[in-house]
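Protein chains in written order, with this note's numbering: chain A, 2 to 323; chain B, 286 to 556; chain C, -10 to 290.
Keep in mind the hints are simulated off the structure, nothing from the lab.
These figures come from a predicted structure and were not determined experimentally.
Each hint should be verified, as a subset may be incorrect.
[As the list claims (entries may be wrong)] Below, simulated BS3-like cross-link-like pairs (lysine-lysine); rule was C-alpha separation at most 30 Å, straight line:
{"no.": "1", "chain 1": "C", "residue 1": "Lys285", "chain 2": "A", "residue 2": "Lys133"}
{"no.": "2", "chain 1": "B", "residue 1": "Lys395", "chain 2": "A", "residue 2": "Lys37"}
{"no.": "3", "chain 1": "B", "residue 1": "Lys395", "chain 2": "C", "residue 2": "Lys285"}
{"no.": "4", "chain 1": "B", "residue 1": "Lys435", "chain 2": "C", "residue 2": "Lys285"}
{"no.": "5", "chain 1": "A", "residue 1": "Lys37", "chain 2": "B", "residue 2": "Lys460"}
{"no.": "6", "chain 1": "B", "residue 1": "Lys437", "chain 2": "C", "residue 2": "Lys285"}
{"no.": "7", "chain 1": "B", "residue 1": "Lys489", "chain 2": "B", "residue 2": "Lys406"}
{"no.": "8", "chain 1": "C", "residue 1": "Lys285", "chain 2": "B", "residue 2": "Lys389"}
{"no.": "9", "chain 1": "A", "residue 1": "Lys37", "chain 2": "B", "residue 2": "Lys372"}
{"no.": "10", "chain 1": "A", "residue 1": "Lys136", "chain 2": "C", "residue 2": "Lys285"}
{"no.": "11", "chain 1": "B", "residue 1": "Lys435", "chain 2": "B", "residue 2": "Lys389"}
{"no.": "12", "chain 1": "B", "residue 1": "Lys411", "chain 2": "B", "residue 2": "Lys433"}
{"no.": "13", "chain 1": "B", "residue 1": "Lys406", "chain 2": "A", "residue 2": "Lys37"}
[Said to hold, decoys possible] Okay, the calculated bits of chain B under chain C, using three or more residues with CB under 8 Å as the criterion:
{"no.": "14", "segment": "338 to 352"}
{"no.": "15", "segment": "451 to 457"}
Just so it is clear, CB atoms sit at the ideal spot from N, CA and C, and this is done for glycine as well.
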Amino acid sequence: MSHRSAGAGPSTVSRGLRPSPDRLSLRSTSPRRGEKAAFGFLVLAAAVSVLTTVGIVVSLALPAVQFFREVNVLDFLTGTSWTPRFTEKSYGVLPLITGTLWTTGIALAVCVPLGLGAAIYLSEYASTGVRKTLKPILELLAGVPSVVYGLFAVTFVGPVVLKEWFGIQVQTFSVLAAGLVLGVMIIPTVASLAEDAMSAVPRSLREASYGLGANRMRTVLRVVFPAAVSGIAASLVLALSRAVGETMIVAMAAGSQAKMVSDPLEGGQTMTGFIASAALGDSVQGSLQYNTLFAVGITLFVLTLVINLISIRLVNRFREIY
Amino acid sequence: MDTGRIQASESPRAVLGCTDVSVYYGDFRAVNEVTMDIGVHEVTALIGPSGCGKSTVLRSLNRMNDLIPGSRVTGTVAYHGQDIYGKDVDPIEVRRRIGMVFQKPNPFPKSIYDNVAYGPKVTGMKVSSMDDVVEESLRGAALWDEVKDKLKQSAYGLSGGQQQRLCIARTIAVKPEVILMDEPCSALDPIATARIEDLMMELKKDYTIVIVTHNMQQAARVADRTAFFTAEAAEGHGDRTGHLVEFDLTTKIFSNPSDNRTEDYISGRFG
Amino acid sequence: MSAVTADQAMPRTPLARAAYGEKDLRSMGFLVVLWLCLAFGILVLAVLLVTTFLDGRERMDGELFTNYTSQIAPETAGARAAILGTAWVILTTALLAIPIGVAAASYLEEFASTRSRFARFVELNVQNLAAVPAIIYGMLAAAAAVAVGIPRNTVIAGGIALALLILPVVIVATREALRAVPQEIRQASLALGATPMQTLARQTLPAAVPGIATGTILALSRAMGEAAPLLLLGGLVFVKFDPNGFLSGFTTMPIQIFDWAARSQVEFQQLAAAASILLLVLVILLNGVAIIIRNKYATAR
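Could you put together the complete structure from these sequences and hints?
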């Protein structure tokens, strides 16, 4: 069939109107330099995040390299004594890591169940009105400044809640009080992301489950939860990263004694806590003491980087599904 | 049965000429080798069943397809002999000469006045009085009398039909030569539709109009020429590629189409 | 057992059937547990607000606002330098983070092809930076200040640290706001012969302002309460002067609270609580404003 067109062919085109040549030209009329400059600014702004990462790596790595020239990496990673400020200096980072593990572990024990419970309630049970009111209030928990949490842990959770109400004999500074409050702070992080993941589960899946006679609890636990699992996992990994990286609560409430923590009622120092207290000290720039800060800093950065990359993979996977 | 050649004597004085235009989205060929001319001061209607590629063709006429990632056009679309997909061509200049009105009225979330003034402002048109341009454009779109007392009010306060005429006013404010309309009445009630159709008959005195429509009666009422598209699955896979079946004077298409498929569609036997 | 009872009565819609099945004990217990999870967080928030208020109310006086901190007279010491310092630093943070964040988000959302390697690399960076510990940004800002030869303990260094900290948040919020702008607006503008940059500046960005504002206000509120990165700038805990420029020394409220809280006298603890109340009021106000903008915007669309 070749009868596609009435008067097909380029010959007819030339018979068209011919307006004035300047009106005809389809080339750009101006170089649009302002536009190009604006575009350059946008690209540059986007590059800032790359530069930030590079900046972080460089500013941590240079002093850290200095540090590891004087201190064996293996000794650093496996040593159980951290006394950079004493005359008998020792640079084993494990005490800081155990301190971090304790506060992080306790925090996760608080924020994971409570955050997921709140997420299920908000996503599956709450009416729109209830969700609209309660969610911002819950999110305010993440907005409370961490120094205020720190103060709360030291003046109230430790001495009043743990000691007076529950009779738990915590010391003035304890990883328990710090970890509990840290966990409360992270609840909204878990709840928000997990709720997003569960809300993204298609309605049809739920209805299929209801249609089979399952009630809401069974539907949530057997259908919605498994379907949202990678998003929920991402929320937990992000919570982990938050807990490891939080500074002020642990600096104020966990104490500043770097030791291998074995009892949560005692104080201990975390990696972030050490960086904060060392920064307040008066070590001379370039000295070994000053460089310890960056050795711990880069350890913390690498640790959270690994956690973040896992979380990013999980989030991207969950975005791909829905 | 080479009616194309028979019609050649009545072929339009072309503003736009498509030669072997194919449009691809990635590897998928949405439209295959369309060849047709758009006549000056005429209304050309593109009709056909859903998915036949008529909107895709329309969007390829002012490079709106460029905005879809992975889209690609082969063949030539000549505007006064100049390929709009040519190397030195600036798509922005193309769109300044070939405007577009969309399916759903899409006024900017601004005042009526600002909606109309936007085009002349961003294209850097030299105007002695913006107020005059706004008034002239709104009159041109038969909307002036209804809105002259509320030019500073939000365009979102207008009815759907008024919004669509505002979009037309906004388009003619930049004084294009061609106006592409992508099912401009599909979201409107019959009365608003009739007003837009009347407007098209007015507008074609000054502009060239290409309209995509689902509504065959509409094509019959407003169009000087009509192109009928359909989509057929390529062998071996399910992707349907659209192509032009027949392009002719509207009277011919609706009274005595050359192709059986056109006749089937017109008489409502498929589509 | 719920299946049997459901079969007997058989409510018609799936949802009604599901609700019907909820009347067994286990389901109700489950619901109570969920409810408690949510209630616990809100309860802690309430307790925190009340105890902080009780601890600090005696020092919620004029001197808190007008006086500088003091080693020797805690009963009349105030947070004047910290309040002004917070204002300066947050202003600097906003001036840096908003333009850069909005521009970066505009690039990623409006210009970058999804296949662009650079864009994907930027995205990965943003995602990672969002979860980098705040204190690390302090180490970066300190190193950067030293590298360009300005003192670490300056408003500008603090502003840079906090701006980089909240940049990912501003970028993500802006991208979401841009994504929510209907595609039709962009098409209409481009079809009129506007350039992509004109379309962004005159249509897309203005339409996204409420969403950008919501996200940015929350981010700034977070920056306002953040102390960790600023500790790395050194010399910030005992400041008895008003900051007067970007290169001025400064302290902020969270740092002042941190300093006071570490002192043993009761007066300092009260001061810390009083300053905390002030900080909490600001944070709650900012959150409230953000929520109001968000809701107003949501109903307008």
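Each hint tested on the structure:
1. Taking the CA atoms of Lys285 of chain C and Lys133 of chain A, the gap is about 13 Å. The hint holds against a cut of 30 Å.
2. Between the alpha carbons of Lys395 of chain B and Lys37 of chain A the distance comes to roughly 27 Å, so the proposed pair stays at or under 30 Å and holds.
3. For the given pair, Lys395 of chain B sits about 17 Å from Lys285 of chain C by alpha-carbon distance, which is consistent with the 30 Å threshold.
4. The hinted pair formed by Lys435 of chain B and Lys285 of chain C meets the criterion: a straight-line CA distance of about 24 Å does not exceed 30 Å.
5. Proposed proximity of Lys37 of chain A and Lys460 of chain B is supported: the alpha carbons are some 26 Å apart, at most 30 Å.
6. Of the pairs offered as hints, the one joining Lys437 of chain B and Lys285 of chain C holds, with about 22 Å between alpha carbons and a cut-off of 30 Å not exceeded.
7. For the hint linking Lys489 of chain B to Lys406 of chain B, the alpha-carbon distance of about 25 Å falls within 30 Å, and the restraint holds.
8. Of the pairs offered as hints, the one joining Lys285 of chain C and Lys389 of chain B holds, with about 25 Å between alpha carbons and a cut-off of 30 Å not exceeded.
9. Between the alpha carbons of Lys37 of chain A and Lys372 of chain B the distance comes to roughly 19 Å, so the proposed pair stays at or under 30 Å and holds.
10. This hinted pair checks out: Lys136 of chain A and Lys285 of chain C have alpha carbons roughly 17 Å apart, not beyond 30 Å.
11. Under the criterion of a C-alpha separation no larger than 30 Å, the hint pairing Lys435 of chain B with Lys389 of chain B is consistent with the structure, at around 23 Å.
12. Between Lys411 of chain B and Lys433 of chain B, the direct Cα distance comes to roughly 23 Å. Compliance with the 30 Å bound is thereby established for this hinted pair.
13. Taking the CA atoms of Lys406 of chain B and Lys37 of chain A, the gap is near 19 Å; set against the 30 Å cutoff, the hint holds.
14. Residue count for the segment 338 to 352 of chain B with a Cβ under 8 Å from a Cβ of chain C: 3. That meets the three needed, and the coverage hint holds.
15. Check on the segment 451 to 457 of chain B: 3 of its residues sit with their Cβ under 8 Å from a Cβ of chain C, so the three-residue criterion for coverage holds.
The structure fails none of the hints (numbered hints given earlier).
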